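Kindly generate the complete structure, drawing on both the sequences and the hints.
Top to bottom, those sequences are chains A and B.
Adding 143 to a residue's 1-based position in the first sequence gives its number in the working numbering.
Adding 143 to a residue's 1-based position in the second sequence gives its number in the working numbering.
FYI, nobody ran anything at the bench for these hints, they're computed from the structure.
Given the structure is predicted, the values throughout are model-derived calculations rather than measurements.
There may be inaccurate statements among the hints.
Since the list can't tell identical chains apart, any single copy or any two copies may satisfy a pair.
The calculated PhoX-like cross-link candidates involving lysine-lysine, where the alpha carbons are at most 20 angstroms apart (straight line), are [what the hints assert, rightly or not]:
1. 759 <-> 723
2. 572 <-> 609
3. 759 <-> 643
2 protein chains.
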Amino acid sequence: MERECKKMEKAIVCPGRNSKVKVFPVNIGDVKLKGLLGSRIETNRRTSIPSLYKSFLEYGTVDNFRIASGEKKGSITRRLATDSDLYKWMEAVSCDLQNEYDRERARLLDKLISLISKTQEKSGYIDTFYAESFRKERFKNLYHGHELYCGGHLIQSAIAHHRATGKDSFLDVAVKWADFICRKFGKGRIEENDGHPEVEMALVELYRTTGREKYLELAGFFMSKPYKILDGHAFLEFPGVTGHAVRMIYLCSGATDYCIETGDRKYLGKLLSLWEDMAGRKTYITGGIGSRYSGETFGMPYELPNLRAYAESCAAIASMMWNYRMFLITGEGRFMDLFENTLYNGFLSGVSLDGREYFYVNPLASRGEHRRKKWYDCTCCPPNIQRMLASLPGYFYGVSKEGLWVNLYGESESVARLFSGNKVRMIQKTGYPYDGKVSLEISPERSEEFSIFLRIPRWADNCIVKINGRKFTAEPGQYFVGRHLWESSKENVEIDFGLKPVLYSTHPEIESTKGCAAIKRGPVLYCLESVDNPGVNLFNCRLEKTKLKERFEPDLLGGTHTVSGEILSGQDEHLPLYEKADRYPDPKFSKRRFKAIPYHLWANRGTSRMAVWLGKHI
Amino acid sequence: MERECKKMEKAIVCPGRNSKVKVFPVNIGDVKLKGLLGSRIETNRRTSIPSLYKSFLEYGTVDNFRIASGEKKGSITRRLATDSDLYKWMEAVSCDLQNEYDRERARLLDKLISLISKTQEKSGYIDTFYAESFRKERFKNLYHGHELYCGGHLIQSAIAHHRATGKDSFLDVAVKWADFICRKFGKGRIEENDGHPEVEMALVELYRTTGREKYLELAGFFMSKPYKILDGHAFLEFPGVTGHAVRMIYLCSGATDYCIETGDRKYLGKLLSLWEDMAGRKTYITGGIGSRYSGETFGMPYELPNLRAYAESCAAIASMMWNYRMFLITGEGRFMDLFENTLYNGFLSGVSLDGREYFYVNPLASRGEHRRKKWYDCTCCPPNIQRMLASLPGYFYGVSKEGLWVNLYGESESVARLFSGNKVRMIQKTGYPYDGKVSLEISPERSEEFSIFLRIPRWADNCIVKINGRKFTAEPGQYFVGRHLWESSKENVEIDFGLKPVLYSTHPEIESTKGCAAIKRGPVLYCLESVDNPGVNLFNCRLEKTKLKERFEPDLLGGTHTVSGEILSGQDEHLPLYEKADRYPDPKFSKRRFKAIPYHLWANRGTSRMAVWLGKHI
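As structure tokens, then:
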């Protein structure tokens, strides 16, 4: 197959050098993570990836392709969009291969690709749901059918495979499918978009990979049409983020990719205002989005219930994908701040510590009934969590013509290639996010003057940066810029974020958090679980204005920092639902010590109540 | 048709004299209401009833019967359970005929009954949804199909018609249907119940009306089977109220009727514990129930959001029906207290002041987007509201062997027949619920010693009762019992409930009302609408500990009492969604006067924000 792709890049997204991007990602495989994220990636590799594949075998996800290709007899298991689950899982495996090459896995991918390619029809069509008697339903119900959604995941997965292995086998399938879609959709052909946006992002990435403009154009065409399921708006008409959260934010991610490549100012303006609506009025302190069970949608502004938070794991991932793209086009710290906050809280809560079970829904309080599961009939979240974890290294650094961007912190060894071609080796020594001190060794292959951009999170309002011993104060919520002639010998950057546990307050219009406070320590949100707090009534308590103490507990939940303090706990007396204020019994409180753990670690020790937001002492 | 029914009673429900009932209802037509409820009943009669019938003609509700009976050509409009809408409306008309006989309306009922009877098949089956090609679906999908639900409404409507007019024409249709169901369902036949409980209540009432035990037995049979849609419990197995609120509480109502007739103690115990779960943990201060949009279900204990309250009008009605039945079997004031609270708040809010528009969902706060509508595709609520309004007079009084029960208060002239056969005339002079003083004239036809039972609401903690000038203090939340030789001349009972506006507090586990207060004045809940409160930020305000003032405003919303006071209103500044507590800007407040109106009158003056729960001054 003829391919116009010039460069072999291995990043999560690969904007063209002529695009309107401010920062370019580095290769996933060039960042080796240890520490908290490294261990999660390791669990993902060793446990989550193989165990989900077993579930796929058990629940017919792979067999669907065998049956649709004629390789096996039987009947298709008709769960909508189930092909995309396998594609996402293959994307996770491909990304992970960049960091740890495993011949067995690469071979398994080859086998699956060969199977998928046998399933693909001559036209390019592929979707096992619409095989057999369902053939006649193809493209009849775009609102509900998820055909382009599955195809989008096919493209993304194929690109990830191509980037990881250099092979074209899977990419050929994706290109054939995309060419088919280009013939089917567009002006004068089917003039509609998919009920579940996803293909927009994928088409832009395929344009980046192949250089063929028709994919970019088709993405633009889709976005110019009304998204019926998202209140009927075409992209530029959205008054705010609305409807199904994953769909809305996948669309925003695709629109950002489109904007990066086209430089369309109208898109950028719309994206910024949508982001402000999401981040300023419709996001949980966990980073979770999409508060409503009903339709998995965004709520009204400030509609953020705790016990009934929906906050789908996939929606947190969508937000991370969008925030990253917004960062690429603007270079602004606020986007990576929200990325990081979502990463350590609403995203990481989605998978159990042992890597075997997943949350679909991530509430901010629970009476104990909410537990992770191995499998969901609509199992979109588990493979999505896996591909995000496997690609996480790729989010750490960026390069621009000015120099090197440090977006995330964590124990790691990495390389990045500057625009000059100069290769820079970076070693982060840190216990971040539990430790607030980062020591960063920068070693360019050869001396060069360039800027280093260090993200100073908004919470780090007491941050000190030292470059080779020279002290700077750094503005929180911004990238600190240090321009310098970097010698090829090791040069040292020290950052002290001034990490300590603090209480957070909330907007008064959020009805579920009135008069409440939450505990954060740096980017990590804390919660109380009843297993650590016997005798504390999590749903009727008041935080004392006492000192919050922190402690590293090596044997707790794989080793974590806990926060403790004093709390007034309501006694479990029988109180009336409503009563005249002057007759309502004064709730009886007793003073207790409490212990909080990181929110992302909750629900790993059997049934337990949990609360993030706690009453404040008043 | 042979009928074993001995007595001609005209009450809402007519328990047999041998049943385990403590209090017997009086005839609907024997209570003539004026005042607030009288005017709402009048609007129901003059505006709501005729305008809804017009909608039925417009949307095919009546035509469905014409088409199914072969009277007209065309195709059935397939809205699930739409037959029940017409039945409920006919029940409203029948009840209303007891209080104002209208020959035209009686004739329209006759015409409709004749049409319905033509639609009924020889077997007894009737349901226009399952005509034509849908015949083969009959009883195939009880979980979803609403066939027994529609039949239940057919029975209730036919009984109301029989009681109002003495005619058997409609009752014959209902009996024929019920006999068919008795042949189809039961041990060894179809051993399932309906996805939407309703027929249980209806079957017990048909037993009461005809004396045929098979209907009572079938109700018991249904309740012994698992209700799949309500978490799969048979009635006696429910651990609490759960699932779809209307279904659950219709079932509880039917179970109470069954318990009344059978005296089954297991049922009574279960009913009391379910009621405590509902009233003590899952009911809004409006009386509304069923907090979740998703599935129209009850939430977890204390899950009672304000902006996203579902609180369907039909669920408020279900609660009133159940509470009334619980009162009949126990004689306890707490049930009529909750009935009254629901009546004046969560129920009456369901219909506009002009009687033309209806709420399906009754939130406790609104940003203005929530408005009543004339018609819903699932239009269960409008005719349900109409039948409750038309039958309201029947809830006012009761009789027992001890004497006369006064359950509700309001300007009215009524009669009741004691067990002795002695007829008692009662005149209530009062502006209740806006006025807290009630003067009650009791005039028996002949002198007799009996007790008068006066419901003293729980909120009336300073209540004085005078009988012929003699003063008693009365315990709130109980029926005050005054035994006395009542002369045939007018005797006078004066009650002063000590009405004044007060603040209410809530259970600390309700996350949406933490640190909030609501205003009530007697049974009437108040709210703030932005139209009365320019410059007050309803979602960020604090009630001052200031005197609440009350005022009657004759020109406002048909004449109503308002409550005013001082409030600190947050300025509409841009506040962060989350921020460290010590950096979160102190919200700026300015002192304002506020004016509150009864909650049931909200949304009658164009778009307006609304809030029931307000922040407290702390």
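Evaluated hints:
1. 759 <-> 723: between (23 angstroms within a copy, 13 angstroms between copies)
2. 572 <-> 609: So residue 572 and residue 609 pass the 20 angstroms test inside one copy only (14 angstroms; across, 84 angstroms).
3. 759 <-> 643: Close inside one copy (19 angstroms), not across copies (32 angstroms); limit 20 angstroms.
When the structure is compared with the earlier hints, no violation turns up for any of them.
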